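**Q** Single-letter residue listing:
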Amino acid sequence: MITRSVGPNRRRNDRIWNAVAWVVMLALALPAFWIIMTAFRPNSEVNTFPPVWIPQRLTLEAYANMFGLNPEVQQRVAVEAYLRNSLLASGISTIVAVSLGTLAGYAFARFRFRFHTGLFLGIMLSRAVPGVALSLPLFLLFNRAGLVNNVLGLALVYIAVNIPFTAWLMDGFFRQIPQELTESAYIDGCGYWSAFWRIELPLSLPGLATAAIFAFLAAWNEFQIVSVLARNNAAKTFPPGLFAFTEQFTVDWRGMAAMSVIMMVPAVIFVILVQRNLVSGLTFGAVKG
Amino acid sequence: MTINRAGKTQGEAPQPAPRSNRLEAGTFPYMLILPSIAVILLVVGFPLLYSLYVSFTPYELLRPNSLNFTLGKALRNYEKLLNDAIFWRSLGNTIIFLAVSVNLSYLLSLALSQLLARVTVGQGILRTLLMVPMMFAPILVGMQFRWFFNASVGLVNNFLYSLGLIQAQGQIAWLVDVPLGMFSIIVASVWMNIPVLTIILLAGTLSLPAETFEAAEVDGASGWQKFRFITFPLLAPFSYIALTIMSLDIARAFDIVRIMTDGGPAHRTEMLWTYITRLSIENTKFGLGSAMSWVTVSLSVLFTLYFFRQLVKARIVR
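Taken in order, these protein sequences are the chains called Z and H.
Counting along the first sequence from 1, when you hit position 105 you're at 105 in our numbering, and nothing is skipped either side.
Counting along the second sequence from 1, when you hit position 173 you're at 1173 in our numbering, and nothing is skipped either side.
No wet-lab data here; the hints were simulated from the structure.
From a predicted model like this one, the values you see are computed outputs, not experimental measurements.
Some clues are possibly wrong.
Unchecked claim - Partial list, derived from the structure: chain H residues whose beta carbon lies under 7 Å from chain Z:
(1) Ala1025
(2) Leu1140
(3) Leu1206
(4) Arg1278
(5) Val1295
(6) Thr1296
(7) Leu1299
(8) Ser1300
(9) Leu1302
A virtual CB, placed ideally from N, CA and C, is assigned to each residue, including glycine.
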């Protein structure tokens, strides 16, 4: 019975599995490569029929247009404004959300208190509220408060949106840290806060980094809320900015592809940074209760 | 300082830490949570209550004094929705879309994770390739597939043309015809969902104890039997965490629908989210839109609650 699975049969099977896996994975990644390639092709190759599959030449035209060579494109597509607003809204919200969410996650991981499960569930459920449902009342309220078309207003919303996932991730990370260290710190007369600040927080820095990246990307990619709360370029971020390439009957696909590549930069950095830790980060809370 | 430690006394042999190991610390944990709760109440809780109020009024943005509450007419928006065929259609479309998309994403990811677990050549590269769709914001996924499925300049039709399967430019209207529109959106969302699901399921598969499989092999279990009776049940906690993450992110699908078809043409791919936007932002009927938002919020919360309960059940210790 055992020998059956080690012979040449097994080796042939392995070869088939490998081949299938490679074909499937290349197919999965293909659309992304197509977008990136399109960003660097001349328009004449992108919009022709019959299609040109293999690029004849590469060009930075799309970027030159976006950043000033073509005043018509630049006037319509305010890349600099999108970049500034995206960085501000994502940056501010990440810093605040990760700070607050880490505190909450620590409380859930380390302490027993009344309403522990209820509060945890409540925080997590706030994240289940679809952005589109939230965007309507936020628009009405922000309109009165003068926060529509305001990057800080947007950042405030993203803080609230990012806290639940941060708290959830950090709860998992803190539970992985052995408690003996903290307990001996308590015995040495350390208070709760200084035990957290001086011992547990430094140990959780890798988790903190993962949480920060997730929060940043969530804000960077958010569309539903910003599309309602940002009516002009004072607060528009990249996602609603993409629509600047669409006109009534035509779409500048290459321009869109070019801006998509800019939008992908933080995510690419993220994948490179957390590739190894991603799984452990996401599944910490799952199995180790 | 006194420390109350539950279930653990000095000098006890080290045990695998149970969750009851948590400390009691008076008001300290509440102070840690308070800022988070405050922000969430301010930005999510209060606006939602306000939207509940608006949903009981006939509010239209361009008629400011229509924001008034009359007891007898409070449920009028909800009545209107119940009698609105497009609302039911969008609800049906949303359910079909989510059911197909979630199940298909999960099944494909499960298959892919088993495939990747067996790979012996180029594991590192394949796992990097797996992460490629994660670099795309949902709005980018939608934009990309809107272009790929575009009838006249899209990749899919161009490809079919080059293969000789269709004869003319723009022969198949992917985003317009029934049921191709729904199909195209589902393809896009599955593409977006696969990486995270697969990564979690793959991690789960690789963490399973090898001895169990060796024992099964000695007993003569077939590949399918090993999957069905060992891998799949042992993966349950990982499946639930994967599905929870997906259920939390389910609203990302809105971006895809919004940019690919925007619910059109003629409400063919209308979903709850696109219809809310249409009613309130485009038609400025905020009262009606808020009523529909509340229907959507309730459904989302029930959906998430269900998954959380399953997740808690699946946890070994909680």
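**Q** Confirm or reject each hint.
**A** Checked hints:
1. Ala1025: 5 Å, holds
2. Leu1140: With a minimum Cβ separation of about 5 Å from chain Z (threshold 7 Å), the hint on Leu1140/H holds.
3. Leu1206: 9 Å, violated
4. Arg1278: 11 Å, violated
5. Val1295: Hint on Val1295/H: violated, closest Cβ of chain Z at ~9 Å, above 7 Å.
6. Thr1296: 5 Å, holds
7. Leu1299: Leu1299/H check fails; min Cβ-Cβ to chain Z is 9 Å, beyond 7 Å.
8. Ser1300: 5 Å, holds
9. Leu1302: Not OK, violated: Leu1302/H not within 7 Å of chain Z, min 9 Å.
In this structure, the earlier hints numbered 3, 4, 5, 7 and 9 are contradicted, and the remaining ones agree with it.
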